[in-house]
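Residue strings, one per chain:
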Amino acid sequence: MQLNREQLLAAYRMMRTIRAFEDRVHTEFSAGGIPGFVHLYAGEEASAVGVCMNLDERDKIASTHRGHGHCIAKGCDVDAMMAEIFGRAEGLCGGKGGSMHIADLDKGMMGANGIVGGGPPLICGAALTAKTLKTGGVAVAFVGDGGSNQGTTMEAYNLAKAWNLPAIFVVEDNGYAESTASNWSVSGTQLGRAAGFGIPAVQVDGEDFFAILDAAHDAVERARSGGGPSLIHGRLNRYYGHFEGDAQTYRGNGEVDRLREQKDPIMRFRQRVTEAGLLEGSQLDAIDTAVAAQIENAVMKAKAGAMPPPAALLTDVYVSY
Amino acid sequence: MQLNREQLLAAYRMMRTIRAFEDRVHTEFSAGGIPGFVHLYAGEEASAVGVCMNLDERDKIASTHRGHGHCIAKGCDVDAMMAEIFGRAEGLCGGKGGSMHIADLDKGMMGANGIVGGGPPLICGAALTAKTLKTGGVAVAFVGDGGSNQGTTMEAYNLAKAWNLPAIFVVEDNGYAESTASNWSVSGTQLGRAAGFGIPAVQVDGEDFFAILDAAHDAVERARSGGGPSLIHGRLNRYYGHFEGDAQTYRGNGEVDRLREQKDPIMRFRQRVTEAGLLEGSQLDAIDTAVAAQIENAVMKAKAGAMPPPAALLTDVYVSY
Amino acid sequence: MAKKSFRQAINEALAQEMRRDPRVILMGEDVAGGQGAPGEDDAWGGPLGVTKGLMPEFGRERILDTPITESGFIGAAIGAAATGLRPVAELMFVDFMGVCFDQIFNQAAKFRYMFGGKAVTPVVIRTMFGAGFRAASQHSQCLYPIFTHIPGLKVAIPSSAYEAKGLLIQAIRDDDPVIFFEHKMLYDDTDDVPDEPYTIPFGEANLTREGGDVTIVALGRMVKVANEAADALARQRVACTVIDPRTTSPMDFDTILESVEETGRLVVVDEAHPRCNMAADISARVAQDAFKALKAPIRMVTPPHVPVPFSPALEDAYIPSAARVIEAVRAVTA
Amino acid sequence: MAKKSFRQAINEALAQEMRRDPRVILMGEDVAGGQGAPGEDDAWGGPLGVTKGLMPEFGRERILDTPITESGFIGAAIGAAATGLRPVAELMFVDFMGVCFDQIFNQAAKFRYMFGGKAVTPVVIRTMFGAGFRAASQHSQCLYPIFTHIPGLKVAIPSSAYEAKGLLIQAIRDDDPVIFFEHKMLYDDTDDVPDEPYTIPFGEANLTREGGDVTIVALGRMVKVANEAADALARQRVACTVIDPRTTSPMDFDTILESVEETGRLVVVDEAHPRCNMAADISARVAQDAFKALKAPIRMVTPPHVPVPFSPALEDAYIPSAARVIEAVRAVTA
Ligand SMILES: Cc1ncc(C[n+]2csc(CCOP(=O)(O)OP(=O)(O)O)c2C)c(N)n1
Ligand SMILES: Cc1ncc(C[n+]2csc(CCOP(=O)(O)OP(=O)(O)O)c2C)c(N)n1
Ligand SMILES: [Mg+2]
Ligand SMILES: [Mg+2]
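Residue numbers (this note's numbering), protein chains in the order written: chain A, 1216 to 1536; chain B, 1216 to 1536; chain C, 197 to 530; chain D, 197 to 530.
Keep in mind that a hint or two might mislead.
Pairs of lysine-lysine residues, derived as BS3-like cross-links and limited to a Cα-Cα distance of at most 27 Å, are as follows [as the list claims (entries may be wrong)]: (1) D:Lys-420 x D:Lys-491; (2) D:Lys-488 x C:Lys-491; (3) B:Lys-1518 x D:Lys-314.
FYI, nobody ran anything at the bench for these hints, they're computed from the structure.
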């Protein structure tokens, strides 16, 4: 899939926004300003952005507990996201959801999910809606390596195939589920499993934006043209702990530093597009600066935001109250 | 695996006992004497018996809603089984379980199961016990084609492999889950799925006793020697409806008649052992006669049995009452 | 008005709503049946024939058979509801909730709240419940207290064919997730059921008997049992009000409280397991909000705290009977 | 006696029972942690460090990390229990029950009954519950009413480090399936905890305060809240009995009924969702069996019927507070 200049800039901006967002949430969490459980997506940006560059308003995604990156890639408002994570009334969910339940159905983002394996069945439903109403839309479930072992995920594979749904499963294999290595927890292989369900699948370097972009392009095309579900297995890495506060003692010595240095998907994107003469380094620097300002602004606004009013406790339970 | 004369006679007797048991339950159900949901195993005898001939007291099995055959093959008392299905106090479970919950833990039969997919996780536990206590035992889960789509089953595959358990999954693929064909409901293949989890698997003619016997032999040997889980996919057929009362209109014209004529595992066994001169037809006829009398006797006893006393309603809930 | 069975009433409600609104779809194991099979299509219409005949009219695009994969397809129904369809999913027996409850209670029930009011999830989950079928421990439970416990779910429990049609149409038109409980022993019960579509609002109890001596609250099949008891008691000059809440979430506590204000006596009949059940829920609320009116202890008539037994002898003793309701009423009116 | 935290008390109970009985094993996601990873083994000891240090002592044969596969490993724990081990499985948050409830309520709970008394299933499922951690709707629920509802399960809810150790040892030695609820906000609470193993019998309530004016029943973290309220009320000359049932199944109703016979007043504090919860369960039983003694309406102090919100401002308002308990006591003693 060929991206034009605008698209390349947009992709870079998205990845950079995710990184800056997560780096800043990390800092703010350490400073004590952010409550609850927070799982950061830094390092995995190429996956969310590479996939979502292929999607439009018709399309839906379901995310995981590690949902900020998918949110941003699907177009959610960054200020509202930050406010949500700070538990503010201005938040994307009015402060009721927080990091683990960040969602914007208007953008086709069906939610981060506190339940590992919660998303794949939902995405079968979104795909069914698209198929039934002939919207042309597709639906994507992001799944962790750990989440690939949940029965709900595997049921969704079978169902998507039996119903021939325009569904795509993106297994983001960052090598760990909490502190447990995927090379231990995942018997067999992701591709082997997909094959076991008769689902076309590819493995890609999950830190190579262009590889994911292409894999997702094929899967989306297959889905839109009635060809049924696909699976993409991306190997990638997370830069922070499982959740904020995780000391990551289970990781190898210097593992994260080495990864940041050698595998960073944003750096690799940058290198590739500048070396190929597609974009100028200065253009990208400008984006970095703009994004930094945007995130700074988002944090300032979030902190200045209001706590939800007490009455909000009792609303949004049912449509009637 | 070579069976001696005694073993061959025992195998035949078991298969014949299952068939006669099920045929008679069918008749008694139609006559109105048996309450509730009853799922008959007639036609699938080679699977239960072929597998269980490889097992001994150390070994455990978990069955499905279609559990009578597995019970008999694992050595449960036929009189007590019949009494259970009639809801009598003398029943294997005191009349509290019925057909769908028939069990005898003393025999290593961990229960028929009213929940499709209920057994495979339990069998991981039984296998874990065997492994932890070094009993040398193995654990077998029987799974229907329909049950192979349940997430719990697929979780058990992964867990058994990750923990390297002495577990065996026997997929009894009779072509239907209720009225739904397995060629529609099972995306991909059973062997492909097993491969996806890194589990050694074979497909066998599920109506060929000797084929199952050998496949199970290999799997049991692998399990006992620390080689981890295996899967056996047997294609076979059921002769009665999904449950008693099912008109089976979804089946092909004359399908069951043709199967009974051409594929009957008991007839095939008989033919093979007599043609090979391993057993005499008269020996087998004698077994048929003895089994018929045994079943007749079981039914008479069951019908003459007592209903559980009212006090039984309130016992066996906890160990203390 | 035509006599129709509870089964027919449900079938008719589904058919009429599907005709009215193309976004209504149906899914579940063998809700049509025969998928992929060589013989009859629409071979089953559910294990007890409730949805039979819908597939020929609406086609397989709208009547979807599923693999045995409750998390998968119940989740799919919920995901479809959140994106524009109005699915009716069939969880064959409510006893199977244990393999798919997450999608119901953590996803469907909480979307709206977690997402700050932006989600609408108009899914209906039809499910069979209750004892009496000799179906034993894993196919005979009630479990509606569990669903009633969860904020964000609505729970409807029709007690007759008339209620079944009206409540189901309401459920389908409702924008919140609704769990619709069908007692398997009621399917053959007949009642006057209007041909045209109609709705019964949620949260409005129905008085099936009126009398000043005691208030009896009952749900589902227990409404029949309570009515039977009330009729017998009437002949003995004890006048009962029998209240069928029809939905437990929302729950019309007001009608119950008002009735107890008049009668001063309450008996609750609940087929669910006795701990943390609807009998407790209703009794506690009355003990809190109508205490002054109470002239006698509240009495709860429930099964014992045991799984549902298989043997008919035991199962019959398990299920609350009219005799036990009469005994409870006698105790509080003594 | 040494001061130990609730977390340490649980860790100690596990270690001591594992030393005593080789059949006791532990399993769950990251209960050791680091499986297959290049860095530290036993890297986690559970997400909040409760089981840290057990793996080095007992080895990976007895402390089993699992894939994320709750039906699989909870079912395995149950199957292992039914065949001779005494597993303690960790369901990390009780909110995850929805992906594995079947194995708990249809298998473990019912084996003994369905199989006519021949099964023994000594499994313990440890699980974290409760609000206050800003963990939002899917990681903050109580849900013990659901488990209490199910015949065949036992349910323990320790309210302090002392109770935690004694109840957990009892749970491990108990031959029935036990769901062991650990409130995540109690882990750092300290208490006098004997070094030697001891058990606290199930079904015996604990009186943490005694007073003749009103009976307050509370569970888990709410015992602290109730005690706080009772202390404040004592200063205002209202004498409260505070009862901690410690287990909800079996449930020591007798102690509660006896207390209400004396005080004539009941307030129940329950952090669970308000419908069909323990507050209702207890209140209803008292309205049935101690009605004559009641001098005032029963009052239930619970959260509202909404999911648990994320924002601290909302979550703090959600959780029952001492102020609300005091208000309830004042209302019934007015
Ligand atoms: C059903 C369920 N089980 C367990 C958890 C706890 N948990 C949250 S995230 C996580 C690890 C997920 O690993 P993976 O799917 O690989 O995603 P990653 O964190 O690596 O992005 C676990 C065990 C949960 N939230 N839900
Ligand atoms: C969790 C669950 N879902 C659905 C059912 C209803 N049900 C009972 S048996 C059955 C079909 C099972 O098919 P299969 O596994 O192929 O076994 P077979 O009946 O063919 O032996 C279904 C859907 C159930 N008992 N449990
Ligand atoms: Mg991971
Ligand atoms: Mg089958």
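query = Hint numbers the structure violates, sorted upward?
reply = No hint contradicted; all consistent.
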